[in-house]
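Residue numbers (the working numbering), protein chains in the order written: chain W, 1 to 269; chain H, 1001 to 1332.
Simulated from the structure, these hints should not be mistaken for lab results.
All C-beta atoms in this analysis are idealised placements derived from N, C-alpha and C, irrespective of residue type, glycine included.
Errors might be hidden in some of the hints.
What the hints assert, rightly or not - So these bits of chain H aren't anywhere near chain W, every CB distance computed over 12 angstroms:
1. ARG1037
2. GLY1067
3. ASN1068
4. MET1245
5. GLU1251
6. ASP1259
7. PRO1275
8. VAL1284
Unchecked claim - Quick list of in silico lysine-lysine cross-link-like pairs, PhoX-like style, CA-CA up to 25 angstroms:
9. LYS1229/H x LYS1046/H
10. LYS1300/H x LYS151/W
11. LYS148/W x LYS1077/H
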Amino acid sequence: MNHSNHVVSTAITAESIADSSVVAPEAVAQYALGLGDDALVLAHRLGEWIANAPELEEDVALGNIGLDLLGHARSLLTYAGTAWGQSEDDLAYFRGEPEFRSRQLFEQPGGDFAATIARQLIASVYFAELYRALSLSTDPTLAAIAAKAVKEVDYHVDHSVQWLRRLGLGTDLSHERMQRGLDLMWPFVGELFQPDPFATDLDGIAVDPERLRLAFDSLVPRLIVDAGLTVPTMAAAQGGGRIGRHSEALGPMLAEMQVLARAHPGATW
Amino acid sequence: MAAPAKTTVDDASSEGTADQRREFDRLIEADMRVEPRDWMPEAYRKTLIRQISQHAHSEIIGMQPEGNWITRAPSLKRKAILMAKVQDEAGHGLYLYSAAQTLGIDRETMFEQLITGAAKYSSIFNYTTPTWADMGSIGWLVDGAAICNQVPLCRASYGPYGRAMTRICKEESFHQRQGFEILLELMRGTDAQKAMAQESVNRWYAPALMMFGPPDEDSPNSQRSMAWKIKRFSNDDLRQRFVDMLVPQAEVLGITLPDPDLKWNEERGHYDFGPLNWDEFYEVLSGRGQANAVRVARRKQAHENGAWVREASRVYADREAAERETTQRMAS
Chain W
1 MNHSNHVVST AITAESIADS SVVAPEAVAQ YALGLGDDAL VLAHRLGEWI
51 ANAPELEEDV ALGNIGLDLL GHARSLLTYA GTAWGQSEDD LAYFRGEPEF
101 RSRQLFEQPG GDFAATIARQ LIASVYFAEL YRALSLSTDP TLAAIAAKAV
151 KEVDYHVDHS VQWLRRLGLG TDLSHERMQR GLDLMWPFVG ELFQPDPFAT
201 DLDGIAVDPE RLRLAFDSLV PRLIVDAGLT VPTMAAAQGG GRIGRHSEAL
251 GPMLAEMQVL ARAHPGATW
Chain H
1001 MAAPAKTTVD DASSEGTADQ RREFDRLIEA DMRVEPRDWM PEAYRKTLIR
1051 QISQHAHSEI IGMQPEGNWI TRAPSLKRKA ILMAKVQDEA GHGLYLYSAA
1101 QTLGIDRETM FEQLITGAAK YSSIFNYTTP TWADMGSIGW LVDGAAICNQ
1151 VPLCRASYGP YGRAMTRICK EESFHQRQGF EILLELMRGT DAQKAMAQES
1201 VNRWYAPALM MFGPPDEDSP NSQRSMAWKI KRFSNDDLRQ RFVDMLVPQA
1251 EVLGITLPDP DLKWNEERGH YDFGPLNWDE FYEVLSGRGQ ANAVRVARRK
1301 QAHENGAWVR EASRVYADRE AAERETTQRM AS
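Bound conformation, chain H alone (with noise of 0.2 angstroms):
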């Protein structure tokens, strides 16, 4: 594999020559793929390593709310499916790692971000899973509020990031269908069964909204991610795609979604909807969600406590590779 691009721009000049620039630019203009062997400015290379780190710590706290209900759900079918689901979420945090690593950061130092609270994740997964409707919720909302921001990410500039979210999307929408289906397994079920399911969607639903992030006039990031394609639309008009998506689906579930301003409007071609609380996404964001601490300390957790079987893998493989050295070595 080509070296990682860090060591061209930790050279001299991280602005790089006027050649490298004007390629660079080619290849944004051009819709074609930066790779790890391209040069690339450091901007460039510090947004997409935030960018997709936090999406690997994403998944990887993600695991937990879901994980949540693995030892009760209700059916083995349904468990079944919820530990084939986090599972996935496991195998998107490993191939996301990977693809921040080729931008020259490693996965311990990845770690070591998430649990010392230096990197951020989305807050989404602050809030709690009280109810097994939350598995529904999660997949119809969460995950559906995750492929419409993804999507446009399979085409995103960096090619290694590109080629994770394609895998990535394709699991995601299998997800958001189980969710689904989840929520009209419930809908079609005894009273108590469908009050779980509505009340679910009544905690999910504004949350699942404002992922999409701040309203495009108070999200400074999003302009220069959108130039360098890196983020193809912007907060406002991925949200409002979803919400023209979720509409729709909430007719059949026979779920009502929590917004008295939701209706259609002719004029836009779209569904209006109410205004967000704001305040609460960065109440969230700032630390006092539901479960920020708890998130990240089982995080820690789980990791100190795997430190001596990783420290033991480690040990193994090197003298196992030692030892295969001084075994070819007698034998030529």
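Isolated chain W, as found in the complex (with noise of 0.2 angstroms):
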């Protein structure tokens, strides 16, 4: 393995990674692209409330989170591009959809401001596990991503903690429509715990999803009922986004955000 220390040392960017001579092996490769797939999706998806939010201090934060989240695969596209010699922007913007590997929670549009805060939810906690988890991963550049994207993602958990207090305890029409947020994306965590296929061979390098289960099976059904709500009982979907199985949202979303760089193979920007 070909890996600098001075990546692992300092506040780890896409640009850092870029600018060394590190080298992803082909299987971390692959795994940390599913991972930035799923950071890169929602990034775009809370880039879509800029501008739109409920009060000004709402865009700052959800723009926030996403910029947060935009850097998360920045870091980790620009590393699984340096297996196939490919920039992230090859990654992002020249994969057809059933080559992305986004989990569909991530996929699912914002819908009002409570499914927004409930996908929010969701996926901060997860996102919050895992990157725990793999912030002593063997391999060190994901474990410096990981450890730089913790500290953020801790932020992201107290955000939409407050929201689902302030929204679920709130008026009753809040009420009610924090807790369609809630049911409209329950469905979608079971996928976020299914084995990763990407992930089966790389012992101490990679999480294994099923492992982060316990902890926001303790955590976020807690946290729904001191907000006043029901937790969601519905079954799980089908999952599948690793695998190239994506709900309908998807594909006018990356429809949207590749239609500029497609028009212009070759430029850069």
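Join the two chains, each given in its own frame, into one complex according to the hints.
Written out as structure tokens, the structure is:
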């Protein structure tokens, strides 16, 4: 393996990875690609809120969370791309929908503000557990990306929990909408903890998602109940994002995201 | 915090006492800052509320033409920069609304004025952004003009405004460099990218020059604002300064500024430039721009869609406060 210590020791960014001589081993790259897609797709979804949020403070907050996630995505995709001589943009803009590996929760449209908070609560708790575990990875680049990310996603959890409480305990209308948001997103919880087909042979490097379920289950239902809401009971959707099976929402999202880059293949921006 | 000036000026005499008027004049004369607790003439307060809230509205409406490209930014780096920039604009809106609030108006009232069309915002944001290059032009030309306008405002006589502007200007100059960099990258790119950049600058150049407002002889409010040291330079002076700054930057970009009369005047030590189409300016100002109705409608919709969230927030905060009070009472 060819890891430069520089990448590991300082605050890691897509640029610092691209400028280093680090090359991801094939299996690690395949794994990082899925994680990168999750972060990218949710970052894009949060970007849709900017200028549309219920308060200016939330334009700023949702923008911040989106920017953090975009930073994680850029690092993970840049790292994955080192295995194949591809840039973050090659991977983000020039793969088709079936080649994307994002799990379906992240693809879901934001809906109303409550649905966005429900999606973000589930995502942030999942990311917090994932990155905490991944920061102990024996792959130093993954560990460095995760160590940086975990500090950021802890704030994201806090943001979602505060809104969960405000909406759950606020007015009758906000309570109803928050419950509806949770119900809408809940079927996509299960997939997050299904085995990752690209993590199976990476002992000590990748995180087995099933390991994260316990922490999620011991936290999120309690938060929901504390906010005066009901833990949804609907069945988990089939999932399959990691193997290219996506919800109907991803295609239109990618069409929009990729349209300009694809109109000018080979151009730099 | 001291009570806002409103309580003073709404008292029997908005004219103030002779001492109050003298003290105000002394602060202005000595280039010192007027603070919220100080007495100020009602017209000064109104002028500031109008100007600061218009500026805040411009930041908020200005999020739309750029927000238009967040989901389509052609690289992840550009997507990140653009998201951060639009987010900065929301932050600028927040500082400015806060500065205006120190003059005795609340944010909800200002929002109402914006979405009912009672308050104005910079007309430049009624132009549309059909191409990615417009992200470059807005940064380079629109933010560039904004900086020329705003740097002198960092010294505005009203303290909260001047301090808000100091922070805003730092971020704006960063935005201008980012816009320049977008255009530079396009001008170094493919023929299609170069054409995209030039076409965009062709559209934004004159509207950006008109951002400084009408020629001095047609700008009645300017004189008084200059006397009060809210405004420090005339519209035409600032416009000249902007053109002088742009020309060498355009040369670096290899982009042509769309004005056949643009040439260096040795005698004046400035660039001469051709006449601007002020009819168009007044057209856009009066609501007949490309996107006036759309911009306001979109802001109105976001505000209305968020009403239930703000209401829930308020009810929750009130209840929490009441519970805290009860707990404290029982403890004591």
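Evaluated hints:
Chain W leaves ARG1037/H outside its interface by the beta-carbon criterion, the shortest separation being 26 angstroms against a cut-off of 12 angstroms. Against the 12 angstroms criterion, GLY1067/H falls within the reach of chain W, whose nearest CB is about 4 angstroms from its own CB. Here ASN1068/H does not stay apart from chain W, with its beta-carbon only about 9 angstroms from theirs, under the 12 angstroms limit. Remark: the non-interface label on MET1245/H is consistent with the geometry, its nearest Cβ contact in chain W lying 25 angstroms away (cut-off 12 angstroms).
Against the 12 angstroms criterion, GLU1251/H stays outside the reach of chain W, whose nearest CB is about 22 angstroms from its own CB. Against the 12 angstroms criterion, ASP1259/H stays outside the reach of chain W, whose nearest CB is about 28 angstroms from its own CB. Even its closest Cβ contact with chain W, about 35 angstroms, leaves PRO1275/H beyond 12 angstroms, as expected for a residue assigned away from the interface. For VAL1284/H, the requirement that its beta carbon stay farther than 12 angstroms from each beta carbon of chain W is met, with the minimum near 21 angstroms.
Among the hinted pairs, LYS1229/H with LYS1046/H is consistent with the structure: their alpha-carbon atoms are about 15 angstroms apart, no more than 25 angstroms. A hinted pair counts as satisfied when its Cα atoms are at most 25 angstroms apart, and LYS1300/H with LYS151/W does not qualify at roughly 36 angstroms. Restraint check: the Cα-Cα separation between LYS148/W and LYS1077/H comes to about 18 angstroms, which is no more than 25 angstroms; the hinted pair holds.
Consistency with the previously given hints fails for numbers 2, 3, 10, ordered from lowest to highest.
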